[in-house]
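Work out the full structure, taking the sequences as your base and the hints as a guide.
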Amino acid sequence: MKLCADILYWKLKEELKAVEMHGAGSQELKLIRPEFYLDQSQTFEKNRVYVCSADHLPVHPSLNENVCLVCLGQHWNLTTFYNRCSVIVIEADTDIFRVFNLVQHIFDRYEAWEEQLWHILRHGAGLPQMLTASRGVFENPVLLIGSDFRYLAVTDEEYFQKDLGIRLDTETFDAEKMATFLSLHDLSTHVHEPLLLELQNTRTLSVNVFDQEEYLGCLTVFEAFRPLRESDRSLAVFFAKLLRQAIQQNPVLASTRSAVRRALRSVIAGQPVDFELRRALSQENGKTDWVCVRLQPKAGATFLPGAYLSAALEERHPGAMAFEYERAVVAFLPAEQAERETTAQLLPLLDRLGLVCGVSSVFSNLYETNQAWFQASSALQNGLSRDESSVVFYFQDYLLPQLLSGALAGRPSWVYYPDGLKKLKAHDEGSQVSYLETLRVYLDNNLSVTKTAAALYLHRSTLLDRLAHITQMLGCNLKDPDFCLTLGIILRAELEQNRVNQSH
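In our numbering, the protein residues as written are 262 to 765.
Rather than coming from a laboratory, the hints here were simulated on the basis of the structure. One or more of the hints may lead you astray.
[Stated by the list, open to error] Computed spacing ranges between beta-carbons, pair by pair:
id: 1; residue 1: ARG588; residue 2: GLN632; range: 18 to 28 Å
id: 2; residue 1: GLY387; residue 2: GLU454; range: 21 to 31 Å
id: 3; residue 1: GLN632; residue 2: ALA562; range: 23 to 33 Å
id: 4; residue 1: SER650; residue 2: LEU277; range: 45 to 55 Å
id: 5; residue 1: GLU296; residue 2: GLU418; range: 39 to 49 Å
id: 6; residue 1: ASP369; residue 2: GLU491; range: 46 to 56 Å
id: 7; residue 1: HIS688; residue 2: PRO558; range: 26 to 36 Å
[What the hints assert, rightly or not] Distance condition first, Cα-Cα at most 25 Å in a straight line; then the derived DSS-like pairs of lysine-lysine:
id: 8; residue 1: LYS740; residue 2: LYS683
id: 9; residue 1: LYS502; residue 2: LYS272
id: 10; residue 1: LYS263; residue 2: LYS278
id: 11; residue 1: LYS263; residue 2: LYS423
id: 12; residue 1: LYS291; residue 2: LYS307
id: 13; residue 1: LYS272; residue 2: LYS307
id: 14; residue 1: LYS548; residue 2: LYS291
id: 15; residue 1: LYS686; residue 2: LYS712
id: 16; residue 1: LYS274; residue 2: LYS291
id: 17; residue 1: LYS423; residue 2: LYS502
id: 18; residue 1: LYS740; residue 2: LYS684
id: 19; residue 1: LYS307; residue 2: LYS263
id: 20; residue 1: LYS291; residue 2: LYS272
id: 21; residue 1: LYS548; residue 2: LYS559
id: 22; residue 1: LYS263; residue 2: LYS291
id: 23; residue 1: LYS712; residue 2: LYS740
For every residue, glycine included, the Cβ atom is placed at its ideal position computed from N, Cα and C.
Structure follows, in structure tokens:
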């Protein structure tokens, strides 16, 4: 998990006391694990934490965006850094190795929190368990209410009952307190940014939880046991995103969009859709054109972070809906966001996670998502069988291979041979000259003698003589378009079948 300088400052202050914070760094969770500053280095990379001694820092540094220095001791040169990055100055009697380990332990603690939240999400998505797991991070009482203002989860029940007079056993706010919570302190269900409010002389930090633009509830941290910090905002936003996924998994609490996701999963699986899900699907149907995308691990890779990937796709593509299905992730993207240039922007994310992607044709009827899922899966299967180095495959690029793969219905090609083709096959078994290959190339070149001769490196008269023997054996004129189409399908399907068998 990535952190910000404010988190490091407060946690180091708990351990070392004599700690000061200077400069202005980003409050976004972007900092990665620390590294020692190497003497003589002039450049400080973006979103990095450097543990260093003040007297070893360069006089003319090259500072990239959002650098954080955890600096042991004071030095006149430190002022050079104050206006350009975050500087945490430690004047305690300690050594640089202990400081480095302390910073590592801070990262360890927050990564353990994130892993615990994901574990809860994967095993029931219990909201009370998620709040309990987060109590030590915020170090204050935490409350989660739903879109209907019912209590969904809470920590420190005794505090709410004794100090604030809120009865949690009623499942809802007292009407007077709710009015205060909503109107006097200007809590709006459409605000996306964190809100610092005041409830009964107590400061609170509130973050609304949304599914796209649909309000799902509100997470509130109460300033009871320690003052609220700037970094609490970023942590609350991060936590709210995971709470959104937990709420989406609960059919009672989920939004209309969550009901649409469940309906789409049922349609893809060919299962009946009940009345409530049909109603949710009907509300969304016809509003836009869609493409279906299937994402799955590359060959040899086993782990698919489905919940994370679904959330990332929905954040990247407003209006999209994504969920896990059959060891893959299904995403329905608005068609205008799924142009080839736009889809190509997914490549860094897919590459980083070791994924490949199949994309369906555009469709508008959500009740036909089963066919779109087939197209996305077909694109992936046909694309990977031809080009294992690519990452994104489009159904439109593999129409012919898909048609050919179904042409033989899984049976060997010779089953479909008319008598004439059987004679050609018998000829080929005893000759170095393949009449079947000559016929296939001739058909592929639209019966052009010139193009066929060039493709086979034959003299024109030699090809004409060979075609005369082929026509005689076939017993039918190659000017018959239906007969040529039949022969072309069989021979191309046979070629495709052989290629697939060889790849396996």
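Hints, verified against the model:
1. Hint check: ARG588 to GLN632, Cβ distance near 21 Å, so the stated range 18 to 28 Å holds.
2. Distance hint check for GLY387 and GLU454: the Cβ-Cβ separation is about 28 Å, which falls inside the suggested range of 21 to 31 Å.
3. The beta-carbon spacing between GLN632 and ALA562, approximately 28 Å, falls within the hinted interval of 23 to 33 Å.
4. As the Cβ distance of SER650 to LEU277 is approximately 51 Å, the hint placing it in 45 to 55 Å holds.
5. About 43 Å separates the C-beta atoms of GLU296 and GLU418, a value consistent with the hinted range of 39 to 49 Å.
6. Checked against the given bound of 46 to 56 Å, the beta carbons of ASP369 and GLU491, roughly 22 Å apart, lie outside it.
7. The given range of 26 to 36 Å is broken by HIS688 and PRO558, whose C-beta atoms sit roughly 47 Å from each other.
8. Distance hint between LYS740 and LYS683 is fulfilled; the C-alpha atoms sit about 20 Å from each other, no more than 25 Å.
9. Straight-line distance between C-alpha atoms of LYS502 and LYS272 comes to about 24 Å, which keeps the hinted pair within the 25 Å bound.
10. For the hint linking LYS263 to LYS278, the alpha-carbon distance of about 24 Å falls within 25 Å, and the restraint holds.
11. This hinted pair does not check out: LYS263 and LYS423 have alpha carbons roughly 36 Å apart, beyond 25 Å.
12. Among the hinted pairs, LYS291 with LYS307 is consistent with the structure: their alpha-carbon atoms are about 9 Å apart, no more than 25 Å.
13. A threshold of 25 Å between alpha carbons decides the hint, and for LYS272 with LYS307 the separation of about 22 Å falls inside it, so the pair holds.
14. Between LYS548 and LYS291 the CA atoms are separated by roughly 37 Å; this puts the pair beyond 25 Å, and the hint is violated.
15. Under the criterion of a C-alpha separation no larger than 25 Å, the hint pairing LYS686 with LYS712 is consistent with the structure, at around 23 Å.
16. Simply put, LYS274 and LYS291 have alpha-carbon atoms about 21 Å apart, close enough for the 25 Å limit, and the pair holds.
17. Restraint check: the Cα-Cα separation between LYS423 and LYS502 comes to about 30 Å, which exceeds 25 Å; the hinted pair is violated.
18. At most 25 Å may separate the alpha-carbon atoms for a hinted pair to count; LYS740 and LYS684 meet this at roughly 19 Å.
19. Taking the CA atoms of LYS307 and LYS263, the gap is about 13 Å. The hint holds against a cut of 25 Å.
20. Under the criterion of a C-alpha separation no larger than 25 Å, the hint pairing LYS291 with LYS272 is consistent with the structure, at around 17 Å.
21. Between LYS548 and LYS559 the CA atoms are separated by roughly 34 Å; this puts the pair beyond 25 Å, and the hint is violated.
22. This hinted pair checks out: LYS263 and LYS291 have alpha carbons roughly 5 Å apart, not beyond 25 Å.
23. Among the hinted pairs, LYS712 with LYS740 is consistent with the structure: their alpha-carbon atoms are about 17 Å apart, no more than 25 Å.
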